[in-house]
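Number of protein chains: 2
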Amino acid sequence: MISGERFIVTYRLTGEEQEAYAKARDICVEQTVEYPAELLQPGFIRDEIVGRIESFTKADSAYYADISYAVESTAYELTQFLNVLFGNISIKPGILVEKLDLPPGLLNAFKGPRFGRDGLRRLLTVTDRPLLFVALKPMGLTADQLAELAYQCAVGGIDIIKDDHGLSNQVFAPYEERITRCAAAVAKANKETGHSSIYVPNVTAAFGEITERARLAKAAGAGGLLISPALTGLDAMRYLADDDSLALPVFSHPAFQGSYVMAASQGMGIAHYALYGQLSRLAGADAVIYPNFGGRFSFSRDECRSIVAGTQVPMGHIKPIFPSPGGGMTLEKVPEMLEVYGKDVVFLMGGGLFKQGPDLVANCRYFRQIVDTLS
Amino acid sequence: MISGERFIVTYRLTGEEQEAYAKARDICVEQTVEYPAELLQPGFIRDEIVGRIESFTKADSAYYADISYAVESTAYELTQFLNVLFGNISIKPGILVEKLDLPPGLLNAFKGPRFGRDGLRRLLTVTDRPLLFVALKPMGLTADQLAELAYQCAVGGIDIIKDDHGLSNQVFAPYEERITRCAAAVAKANKETGHSSIYVPNVTAAFGEITERARLAKAAGAGGLLISPALTGLDAMRYLADDDSLALPVFSHPAFQGSYVMAASQGMGIAHYALYGQLSRLAGADAVIYPNFGGRFSFSRDECRSIVAGTQVPMGHIKPIFPSPGGGMTLEKVPEMLEVYGKDVVFLMGGGLFKQGPDLVANCRYFRQIVDTLS
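Chains G and B are the protein sequences, given in the same order. Position 37, counted from 1, in the first sequence is what numbering that gives the first Met the number 0 calls 36; the numbers after and before it change by one each time, with no gaps. Position 261, counted from 1, in the second sequence is what numbering that gives the first Met the number 0 calls 260; the numbers after and before it change by one each time, with no gaps.
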């Protein structure tokens, strides 16, 4: 009935030793049987289904518990996996998901990113420099205005041109009209420049609309899909990544996802490493967007480094993916970012690109030139 | 192009007055155009799309900003509505969504709960007492064992008998086998007792499986659907609630949702009132499960009272729904809970029900008797 294979979650637990250990024991029950432990008879459920403390150690003034669960408890579904990982205990204080260690029997249930770092580089024909990524904005522009921006960005040498994550199906620039014109604009620019830029529409949408938006994107010639998995459910991203009829790279946007990491430094939620790294990969993202250190958001340099580590730590056949720091990024920061991230990074430049000067093509070329020169 | 109708979000902001006001101004831009404000020309985008501070006040040593947004910015989708409400700013410190004020032009885009309090009472033929709710567990039991528990609970007079939220499609009790047997067991009990108990399977599942699970549930004779919207995306719940071919009450489970409220007392995330009350209603839940005060979770009595307020505050045609406190609830707590919640509540009894004694039918009857006597 059960393989004996188990996956391990490392939890960071606050409190003194006794309290932290009590939390670890509680997690074993809460995340599985949620049943009075004293009523469980010896046997399969008590011995296999209930979580098991594999180790309990102190480091950096916190306690860490490695807790293992039967792979079968996940039903090999991302939703139920997340539920075992952090379902009910998301409502309990002082528990942080630090990292995951997944055995083949569970990893094999997931395809992971279709492209990953190597695949995305091949698609974009960029071998040895950071990739350049911009967003079409502001919301309120018409489809034609957005397409004109997309054209200019592609002419300017940007690799990936995405919808701003707030562009959905608003009356100002209805989805199908917008994506058709933007994809055509980027294709036109590619023909002129010989580049392989891609247009990436936002397919974050109502539950019943997501697959249709993705289908329309593919039909229009989009080169990737943007989705905010905290808005749609993480498994919607996996579903799109797995779809062979799409076969498009997937870009994960962090909107609505912040609450999982904002209390991480206080020992609650999910660590940056696990959320933006391991879980995003498991859910099929080829690149994961998150706020860069030193921008208008609050991530520290160490948190950003931990995200990079999570995007590339060995996870069986699950490919490494691109970290994509963005948010208030300016051209002046590129040298410092290159130092921290190296070349395997997707630089997402938002509003800062428009600030540089009135000529968007020139701004893009300047962005590209800085990256070409420095990397 | 735009109706002029706006919805209002009240944010609680930490920091001194100047800092809090700067946050409010930042939210107006971040949640809409995400574009350098100084580059926006006078006109439609600057004047209508960018958020607008409608009021800024101090109360209880915090600052509150009422910020309005054009209803069109939501594209009338729950996903994009959540994005405007709290997308990017979920990654910024010191911002809490306190409450929502939605105009008819936005409310009309949502059906809300199909049943609500009155509808669920009619369905269960219970007019004037709290409803009784239990969960089938532990994970690891077979479909037959779970069905036997379901039968006993229904015979014992429980109104709503749900899957534990961790029951998915595990090999121990595969979904279709489980729901077929459990639904049949409850139907058999109803025939014997004359009650109108319902069986509520968990349809939280992979993105592409949710609608099929719900369809199978309906076909098997289930009386409602359980879903954990933080695992599936909140809009998956709305989709199920809206489906006329199902026409089943929907029960919202808080698994994986905790991170939104766990830092609320520190001024980050979404307030209990807004999340478990207003947003759950907008997303179609007929009853919202959350951890009761004084249990093994961390919600305070005031937070629970605020949830009740959010489940019944007037919201146009969106019906009031049942608060369903659970989590470590024991029979001894029923009198105190009646005092706090009154009769319009669904009491969710989990593991505590099994602790009472070895005879589950007797335990259920005792639970029912206490509630009947006291209410």
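In short, the hints are calculated from the structure, not lab data. Positions of the beta carbon are idealized from the N, C-alpha and C atoms, including for glycine. There's no promise every hint is true.
Pairwise CB distance ranges, derived in the manner of DEER restraints [as the list claims (entries may be wrong)]:
| no. | chain 1 | residue 1 | chain 2 | residue 2 | range |
| --- | --- | --- | --- | --- | --- |
| 1 | G | Pro313 | B | Lys187 | 21 to 31 Å |
| 2 | B | Gly3 | G | Asp127 | 51 to 61 Å |
| 3 | G | Asp301 | B | Pro35 | 51 to 61 Å |
| 4 | B | Gly118 | G | Thr329 | 20 to 30 Å |
| 5 | G | Thr329 | B | Arg24 | 36 to 46 Å |
| 6 | G | Glu4 | B | Val360 | 50 to 60 Å |
| 7 | B | Gly118 | G | Met0 | 35 to 45 Å |
| 8 | G | Leu38 | B | Gly341 | 47 to 57 Å |
| 9 | B | Thr329 | G | Met0 | 43 to 53 Å |
These are the hints, each one checked on the structure:
For Pro313 of chain G and Lys187 of chain B, the hinted distance range of 21 to 31 Å is not satisfied, since their beta carbons lie about 52 Å from each other. At about 52 Å, the CB distance of Gly3 of chain B to Asp127 of chain G agrees with the hint of 51 to 61 Å. Hint check: Asp301 of chain G to Pro35 of chain B, Cβ distance near 29 Å, so the stated range 51 to 61 Å is violated. The hinted range of 20 to 30 Å is not satisfied by Gly118 of chain B and Thr329 of chain G, whose Cβ atoms lie roughly 54 Å apart.
For Thr329 of chain G and Arg24 of chain B, the Cβ-Cβ distance of about 20 Å falls outside the hinted range of 36 to 46 Å, so the restraint is violated. Under the hint 50 to 60 Å, the C-beta atoms of Glu4 of chain G and Val360 of chain B, about 38 Å apart, miss the expected range. Between Gly118 of chain B and Met0 of chain G the Cβ separation comes to about 41 Å, which falls inside the hinted range of 35 to 45 Å. At roughly 32 Å, the beta carbons of Leu38 of chain G and Gly341 of chain B sit outside the given window of 47 to 57 Å.
About 32 Å separates the C-beta atoms of Thr329 of chain B and Met0 of chain G, a value inconsistent with the hinted range of 43 to 53 Å.
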